[in-house]
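There are 6 protein chains.
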Amino acid sequence: DFMHALEEVKPAFGVSEEELATCIQNGIVSFSSGIENILQEGRLFIQQVRQSERTPLVSVLMHGPSGSGKTALAASIAMASEFPFVKLISPESMIGYTEASKVAAINKVFNDSYKSPLSVVVVDNIERLLDWVPIGPRFSNAVLQALMVLLRKQPPKGRRLLILATTTERSVLQQMDLLSCFDSDLPVPTVNTEEELAHVLKTTDAFSEAEVRGITQELEGLTGSNHVGVGIKRILTMIETARQDEDAPGRFVELTSKAIAQAGPRRVV
Amino acid sequence: DFMHALEEVKPAFGVSEEELATCIQNGIVSFSSGIENILQEGRLFIQQVRQSERTPLVSVLMHGPSGSGKTALAASIAMASEFPFVKLISPESMIGYTEASKVAAINKVFNDSYKSPLSVVVVDNIERLLDWVPIGPRFSNAVLQALMVLLRKQPPKGRRLLILATTTERSVLQQMDLLSCFDSDLPVPTVNTEEELAHVLKTTDAFSEAEVRGITQELEGLTGSNHVGVGIKRILTMIETARQDEDAPGRFVELTSKAIAQAGPRRVV
Amino acid sequence: DFMHALEEVKPAFGVSEEELATCIQNGIVSFSSGIENILQEGRLFIQQVRQSERTPLVSVLMHGPSGSGKTALAASIAMASEFPFVKLISPESMIGYTEASKVAAINKVFNDSYKSPLSVVVVDNIERLLDWVPIGPRFSNAVLQALMVLLRKQPPKGRRLLILATTTERSVLQQMDLLSCFDSDLPVPTVNTEEELAHVLKTTDAFSEAEVRGITQELEGLTGSNHVGVGIKRILTMIETARQDEDAPGRFVELTSKAIAQAGPRRVV
Amino acid sequence: DFMHALEEVKPAFGVSEEELATCIQNGIVSFSSGIENILQEGRLFIQQVRQSERTPLVSVLMHGPSGSGKTALAASIAMASEFPFVKLISPESMIGYTEASKVAAINKVFNDSYKSPLSVVVVDNIERLLDWVPIGPRFSNAVLQALMVLLRKQPPKGRRLLILATTTERSVLQQMDLLSCFDSDLPVPTVNTEEELAHVLKTTDAFSEAEVRGITQELEGLTGSNHVGVGIKRILTMIETARQDEDAPGRFVELTSKAIAQAGPRRVV
Amino acid sequence: DFMHALEEVKPAFGVSEEELATCIQNGIVSFSSGIENILQEGRLFIQQVRQSERTPLVSVLMHGPSGSGKTALAASIAMASEFPFVKLISPESMIGYTEASKVAAINKVFNDSYKSPLSVVVVDNIERLLDWVPIGPRFSNAVLQALMVLLRKQPPKGRRLLILATTTERSVLQQMDLLSCFDSDLPVPTVNTEEELAHVLKTTDAFSEAEVRGITQELEGLTGSNHVGVGIKRILTMIETARQDEDAPGRFVELTSKAIAQAGPRRVV
Amino acid sequence: DFMHALEEVKPAFGVSEEELATCIQNGIVSFSSGIENILQEGRLFIQQVRQSERTPLVSVLMHGPSGSGKTALAASIAMASEFPFVKLISPESMIGYTEASKVAAINKVFNDSYKSPLSVVVVDNIERLLDWVPIGPRFSNAVLQALMVLLRKQPPKGRRLLILATTTERSVLQQMDLLSCFDSDLPVPTVNTEEELAHVLKTTDAFSEAEVRGITQELEGLTGSNHVGVGIKRILTMIETARQDEDAPGRFVELTSKAIAQAGPRRVV
Ligand SMILES: Nc1ncnc2c1ncn2[C@@H]1O[C@H](COP(=O)(O)OP(=O)(O)OP(=O)(O)O)[C@@H](O)[C@H]1O
Ligand SMILES: Nc1ncnc2c1ncn2[C@@H]1O[C@H](COP(=O)(O)OP(=O)(O)OP(=O)(O)O)[C@@H](O)[C@H]1O
Ligand SMILES: Nc1ncnc2c1ncn2[C@@H]1O[C@H](COP(=O)(O)OP(=O)(O)OP(=O)(O)O)[C@@H](O)[C@H]1O
Ligand SMILES: Nc1ncnc2c1ncn2[C@@H]1O[C@H](COP(=O)(O)OP(=O)(O)OP(=O)(O)O)[C@@H](O)[C@H]1O
Ligand SMILES: Nc1ncnc2c1ncn2[C@@H]1O[C@H](COP(=O)(O)OP(=O)(O)OP(=O)(O)O)[C@@H](O)[C@H]1O
Ligand SMILES: Nc1ncnc2c1ncn2[C@@H]1O[C@H](COP(=O)(O)OP(=O)(O)OP(=O)(O)O)[C@@H](O)[C@H]1O
Ligand SMILES: [Mg+2]
Ligand SMILES: [Mg+2]
Ligand SMILES: [Mg+2]
Ligand SMILES: [Mg+2]
Ligand SMILES: [Mg+2]
Ligand SMILES: [Mg+2]
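So the sequences go chain by chain: A, W, X, S, V and F.
With the working numbering applied, the first sequence covers 1457 to 1725.
With the working numbering applied, the second sequence covers 1457 to 1725.
With the working numbering applied, the third sequence covers 1457 to 1725.
With the working numbering applied, the fourth sequence covers 1457 to 1725.
With the working numbering applied, the fifth sequence covers 1457 to 1725.
With the working numbering applied, the sixth sequence covers 1457 to 1725.
Bear in mind the hints are in silico, worked out from the structure with no lab data behind them.
Careful: at least some of the hints might be erroneous.
[Stated by the list, open to error] What the simulated footprint calls covered on chain A by chain W, stretch by stretch (three residues with Cβ under 8 Å from a Cβ of chain W suffice, anywhere in the stretch; the number is not a length):
no., stretch
1, 1482-1491
2, 1530-1536
3, 1556-1570
[What the hints assert, rightly or not] Here are the computed lysine-lysine pairs in the DSSO-like style, where the Cα-Cα straight-line distance is at most 30 Å:
no., chain 1, residue 1, chain 2, residue 2
4, W, K1613, X, K1609
5, X, K1571, S, K1658
6, X, K1714, S, K1689
7, F, K1571, F, K1613
8, W, K1613, X, K1564
9, S, K1613, X, K1609
10, F, K1609, A, K1658
11, V, K1658, S, K1609
12, F, K1613, V, K1609
13, A, K1564, F, K1613
14, V, K1658, S, K1564
15, A, K1571, W, K1613
16, A, K1564, F, K1714
Glycine included, C-beta positions come from ideal geometry on N, C-alpha and C.
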C-alpha cells in the first residue's frame, strides 16, 4: 500500500529513458534494408503527429515473430522523437496485477500523455498485456476493451499522440477486432538470409571471418535453402551459448539448425 | 472517490456541446446523396418526437463500417434538434468501469433525460459499451439487458425522448435480439465511388486538381472496379499520412489500394 | 441506501393503478375476434380463482411476438378483476439489480400477495427478467429457479392468487422447463389480415377512408398474400412515423412492407 | 437478520405436520393399484428402519412426471410412520438462498434428525433443490455433493433414518451418479386409463355419472387409445377450470385432450 | 466460529478409532480369496513403510464399484498397523466446506502426520473430496492439485507415511493424471459367484441353509451365468429389505436379480 | 497471519541447501551417458551466465516422464554452481495458495534473485505450479502469464540469472506458448535398457549379482525387447516394495513388467 502510494506520486511526465535504453541493450544491427525501412517509417509517423492538424492521434502496430527486435525498434523510434513525453507500457511492470489495476495503470499513462503537447506511448507485447493463452483461448477482455477505446480516443484539443504497439500475435489481434483500431501496421523482419546472418556474426566479433564463412556454408548445406527466419535476439543468444563450447562454430551451427527447423512454419517477411 | 463525488454533482441537464463538437472535428463532407438522406431522416425523427402524442419514445440505430462517420452524423442530428437535453453515452468516458457502474452511468443519463420535456440521448458505439469481442464470443450481458429495457421504457407522462445509437456490429446486435428493440435503423454509407473520393479529396485541399484526377484514374486501374468502400474517417487519415511522403499522391494511392482490398468483404451500402 | 429504505416502507398492498394504466396508453383496439377471446379467457380465470376451493393458485402465460400487445392485455385483465391486490413485476423497475436483489424483489411481491384474500400478480416480459440472451445462451438461473418455485407454490390457507405472465420467447421457456410450470398458456395474435389492418387504421383517424383503402390494396399487391403478422404496437408507431412524411400513406406502405417482410418467419397464430 | 435469528431458534425436533398436511390438500384418491403398492412399500421401509440393526439408514427415491402426486405420497408415508422426527426439505422454503446457505439448511435438517432415535426426512423436488436447468445444463454442484454424502452418511449409533426423496428428473439424477446413492427407487404412476380417469372424476363430484361416461367415451374416440398419462394434480386442476365454462364436460374433454397430447412422449409406467 | 475454534484445538495426533470402527460396522466377511489378498498386500505395505529407509512415503489406491467394501478394508488395514498416527480424511466431515477450507483441512491432516514417526492417512472417497460430477464434468481443481502434491511430498527426515486412498472412479482419476501419483493400486472385488453369495448369506444367518440353496439355484437360473458382480454392502442391505417381506427369499431373489442386471456393464475383477 | 509474518522476514538471500539436498535423497546414479551429458550441459550454462556480458539471463527447461529424476538433476546443477543465490520454487510450499499469492511468491523469488550478482532459480514442476489438469483443460492463467514475463525479464544491470525449470508436460507448455520462452530445453532420460537397469540394481545392493542377471534375463523374455522406459525414481521404489516379499526378485520382475507395459506409449529419448 505504501509502495502503491509511492508509485502514485512519481512524476507522470517526462521520458523513461533508462527503461527504454535497456530495451536496446545490444544496439540495433542494420542487417537488412527492412530494418532501415522501419526506422524511416517511424520518422514519418513522428513527423505526421508533429505537423498535421487533422490527425492528432496516430497508432502503429509493429509485429513479428518472437525475438525479432520489435521492442528495440519501437524504443528507438520513440526516443528519436525527442517528444517531451515518452512512456513504455509493459507487462514486466504489471506482474500479478488484477485486471482492474492493469486497466487503471494503462489508462493513467494515456491520461498523462494527454497533458503533454506531443507524446509517444509504447504499448509493448500486447498479447501479454491481454494475458493471452491459446488454450481456451483465454485473455483479459477488460484490458482488451480498454485498449480498443484508448487506441481511438482523440487527445484533447492541442495535444498530439503517437502510439507504438508491439505483438507476436497479429492474427489473434485480428480475430479480436483490435487490428482495425490501428491506423497502420509494420512487419518486423527476422534474419532471413545467410548474408544477413553473416552481417550479424561479423558485427558481434564472436567469430573470425573464416569461421563465419564456414558457418554460413555449412548452414546452406544443412538447410538446403537460403532462408533462416530466426529473430535477431535469438541469434545473439545462440552466439553466446556457442562460445562456451570448445568447438564454438560447430555448436553455433547445431543450435542455429535447430532454431531454423523450429522457425520453419512461422518464417515471416 | 473525491473524483466520483465531483462527477455526481455535475449538472445532469443541458447539452454537452463541447463533447458533441469534438465528434465532428473535421466537419461533415457531403460526398454523396446518402449523407443528405441520413440528415433528412434525422430531422423527421426529431419532428416526430416533438409533435406526436402517441410516440413519446423513438429509437434509431445508425450502423456502418468502422470510420464511416456514424458518430459525427448522430452528433450533428442531436445538436440540430435544439432540444434542452442532449447527452452522449460513450465508452470513452467509462474506461475501467465495472459492469455495475457502467449500467448505473447509462441508467443515470436516461433518468436525467426523463426530467426534460424533450431529449436526445446518443448511445455511441454499442458494441464497445457491451465489451463485445468475437472470440468466445464475450460481452457484458448486464449492459445488454439494461439497454434492452431502456430502449423500450416509456418516458413519464409529458416527456419525449429520441435515442440515437451507433454500431459497426449490426449483425451481432441482431443475434442478441437488440436490433428488434429499435424502431428504425439507418445504414451509414462509406465512400463508394471514385467520384465520391474525388469529392472528398477536393474538399480537403490536400492535392491539386490534376493530382486528384491522377489518383482516381490509377485507383480505377488498380481496383478494376469503381467500388471504394472505405470510411470517410480513414480516407481523411490516409490523406494526412500520404502528405508526409515526398510522393504524396503515390503514397495515397498505395494506402488506399490496401484499404480497399481489406474493406473488400465488408463493402456495405 | 436511503432510497432503498423508502422503497421498503412503501405500502405492499393495494393496486398499482398508475403503472398498469401506462401499459394501456393507447387503449385496446378490438381488431379481431382473437382479442375478444383473450379477454374472455381472462375473465374465466379470474372467476376460477374467486370461486374454486381446490385451485387457490392459477397461472397463465400470455405469449406472442414483440409488440403484439401482451402487456396491455395482461394489464387489462388484471385491472378488471377488481381484486384488492394487483401488482406488476417488470424488468423496467429492476435495471442494474443484482441477481440476488431481483429474486428478493420478485419474492417480495409474491409474499405480499399471500396476505390478500384475492390477488393478481403480472409477471411481465419473463425473458427480460431472466436476462435472457440467445448468444451462449445466457440467463439468470437464480431468477429462473425462483420463478419455477413461485409459479407452483400454494398460497397459504384462505388466500387465492392469479399469476399472469408475458413473454415473446415461449420456446425458450419450454427448453427451460418453465412452460410446464403454468396451468395454461394463451397466444396473443398480431394484426394478421388487411381487414384487421384497416380496422386499426380507421380507429386511429390518421388517414382518410380512401387512403386506408389505397394502403390495404397496395399492401395486398406488394405482399401477394393477406397475411400481415405485425404487432399492434409496431403498427401504431409506424402510423406516427409515416405522418411526419409529406406522402404519409406512401411512407406507411413502405414501412409496413418492410415490417411484414421481417415478421415473415415469425408470423404466429 | 432478525427473521433469520427467529428461524434459528425454532425447535429443530418434532414433526412439521402443518407443512406436510398442505402437501396432501386434496387427499389421496386410490385410482389404481399402483397407488396402493406405493403406500405398502412405504410401510415396509418404515418397518425396516424401525426393526433392522444392520440398516440404520434407508433411502428411497419416488419419481414420476410433473403433478403425478409424488410429494403427496411421500408426505403420507412420512406422517404414517409416527416417528418422533419428520421433516420436509423443500425448495419453497429456500427461495433466493445462496448455494452455501442451501447446503447449510439441508445439512441442519439431517443433523437434527441424527438426534432422534427414529426419523423421516422428505427431500422434495431434488431437481429444484439442485437449481437444475437443461440449458447448459446448469445446476448447483455444491448442493449435489452435499446430497451425495448425506444420502450415504450413517447416522450415529442408536439412531435410524428413512430418507424419502422426490423428483421428476430421474434420468438427470442418473447422469449425475445421484441415483446410485439411493437404496431403492419407486415409480409414481399417472392416471393411465379411461377407467382410472372415471374413478377420479367420480370422486370429485364435479360431473354427473352420465357426464363422466360421455367424457371417457369422447376421449377414447379422440385419443384412439386407452392411455391417458396425465398426473393426478393436473387432472384435478383441469376439472376446476372446466367447471367455469358453460359447457363444463366439453371444456374438460378439450383440456384433457391437449394434456394427453403433450404428455405423449413422457407417458411413464 | 466457536465451533471452528474447538475443532482447531482437538488433538492432532493419535488414532481416530471410533470413526474407523464405524467404517467396519458389519465386520469383514471373508467371502473370497481376493479379500484375503488385499489384507495381505496391506500388511506388506505397512511393513515397507516401517522398514525401508529409501521409501519413507508409500501411497496405495483401493478402487472398486460402489459398496464393494473399499472403506471397510482400508480402515481394517490402517487399524492393524498399530502406528501411533492413523487418521481418516472423509467427505462426511466436510459437508458445505469451501474449496479453500477443504484444502486446508486435508493439508492439516498431512502436516499432523509428519510429526509422527509412523503414520497412516486414509483418504476416503476421492471422487467426493473432489466434488466430481460427470455432467460437465465438474470438480474442484484446488482439491485435486493439493492431493497431487501431497501424494508425492516427502515427509521430513525420520518420518514415514502410508497413504491409503479409495475411489469408485479409477478411470476419472486416470484422466486427471492423479492415478500416476500413486505407487500402487489395488482392485477391490465384488461378490462374483453364487458360491461367494452363499458364503455371505450363511454368515448373516438371515436364511436357513435350504433357503440359501433355493436362492442361489434360482439366481443361477435367472441370470444364466455364475457372475453376480454386486458389492458386499448392497448385498447386506438387500438381505435386510427382503427380511421385511412375508416371502423373504423370494423378495431377495427379486432385488438381487435387479441389482445384477444394473451392475452388468460394471462387473469388475 | 503470524505464520505468514514469519515467512516474510525469513532471509531472502542465500542458498536453500537443505531443501535442495532432500531433492537428491538417493544420490545420482550414473546409469547412462545421457545423465552425464545433462550434468555437462548444466555446467556450460552456469559458465555462460558467469561469463557472458550479452546474456545476463539464461533459461533452461528440463523435461521427462514422471520420476525420471528431473528435480534431482536440476538441484544438482544448481548446487554445483556455487552462486550466492540458489532458490527452489516448488508447488509443495504453495499448497492451498490462491492464484494471487502464488504469483506473489514466485515474483518475490525472482525479485530477490535480482539483488544477487549471480543467481540460480529452480522452477520445479511447472505443470503443478500452473494447477494444470487435462480435463477441461484447466490451469491458472495468472501463474502462466507471470512465468511468461519472468522467464524473459532482463535482470537489472550487473545481475545475472540462470533459470532451471522442470516439467513432465512439455507438449502442454508448447500449446501454451510457454516453451518458446525458454532459451534451451534438455530431455531427461529414463532407464531404457536392461544394461542400464542392471547398473541401477547393482548400485542399490538389493540383489545378488545372480539375482540381477536372472531379473534382466526374465524381463528381456517378458518384454520381448530391450526397452524399459521407466523413471529412476520408480525403479528405486519398486526395489523396496519387492524386498518386502519372500520372493523379492520374482516380485520385482512382476512390478517392473507392469510398469514397462504402462510406460509403453510414453517411452521417451
Ligand atoms: N536490427 C535490430 N532490430 C532490433 N533489435 C536489434 C537489432 N539489432 C540488434 N538488436 C538487439 O536485439 C534485441 C532485440 O530484442 P527485442 O526484445 O527488441 O525483441 P522482441 O521482438 O521485442 O522480442 P519479444 O518477442 O521477446 O518481445 C535487443 O537486445 C536489441 O538491442
Ligand atoms: N459525411 C460525413 N459523415 C460523417 N463524418 C464526416 C463526414 N465528412 C467528414 N466527416 C468527418 O469524418 C470523421 C468521422 O468519424 P466518426 O468518428 O464519426 O466515424 P465513426 O463511423 O463513428 O467511426 P468509428 O467506427 O470508429 O466509431 C469525423 O471527424 C467527421 O468530422
Ligand atoms: N388489441 C390490443 N391489444 C393490445 N394492445 C393494444 C391493442 N390495441 C391497442 N393496443 C395498444 O398497443 C400497445 C401494445 O403494447 P404492449 O406493450 O402491450 O405490447 P407487448 O406485446 O407487451 O410488447 P413487448 O413485446 O415489447 O413487451 C399498447 O400501447 C396498447 O394500448
Ligand atoms: N393418488 C394420489 N396420489 C397423489 N396425490 C393425490 C392422489 N390423489 C389425489 N391427490 C392430490 O393430488 C395432488 C398431487 O400433487 P403433488 O404436489 O403431490 O404432485 P407432485 O407429483 O409432487 O407434483 P410436482 O411434480 O409439481 O412436484 C395433491 O393435492 C394430492 O392431495
Ligand atoms: N469382505 C468385506 N469387505 C469389505 N466390507 C465388508 C466385507 N464384509 C462385510 N463388509 C461390510 O460391508 C460394508 C462395506 O461398506 P463400505 O462402506 O466399506 O463400502 P464402500 O465400497 O466403501 O462403499 P462406497 O462405494 O459407498 O464408499 C461394511 O459395513 C463392512 O463392515
Ligand atoms: N541419475 C539420476 N538422475 C536423477 N535422480 C536420480 C538419479 N539416480 C538416482 N536418483 C534419485 O532418484 C530420485 C529422482 O526423483 P526426482 O524427484 O528427481 O524425479 P522427478 O523426475 O523430479 O519426479 P517427478 O516427475 O515426480 O517430479 C531422487 O531420489 C534421486 O536421488
Ligand atoms: Mg518485445
Ligand atoms: Mg463512432
Ligand atoms: Mg410487453
Ligand atoms: Mg412435488
Ligand atoms: Mg466408501
Ligand atoms: Mg520432480
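Legend entry - Those earlier numbered hints the structure runs against, lowest number first: 1, 2, 4, 5, 6, 9, 12, 14, 15, 16
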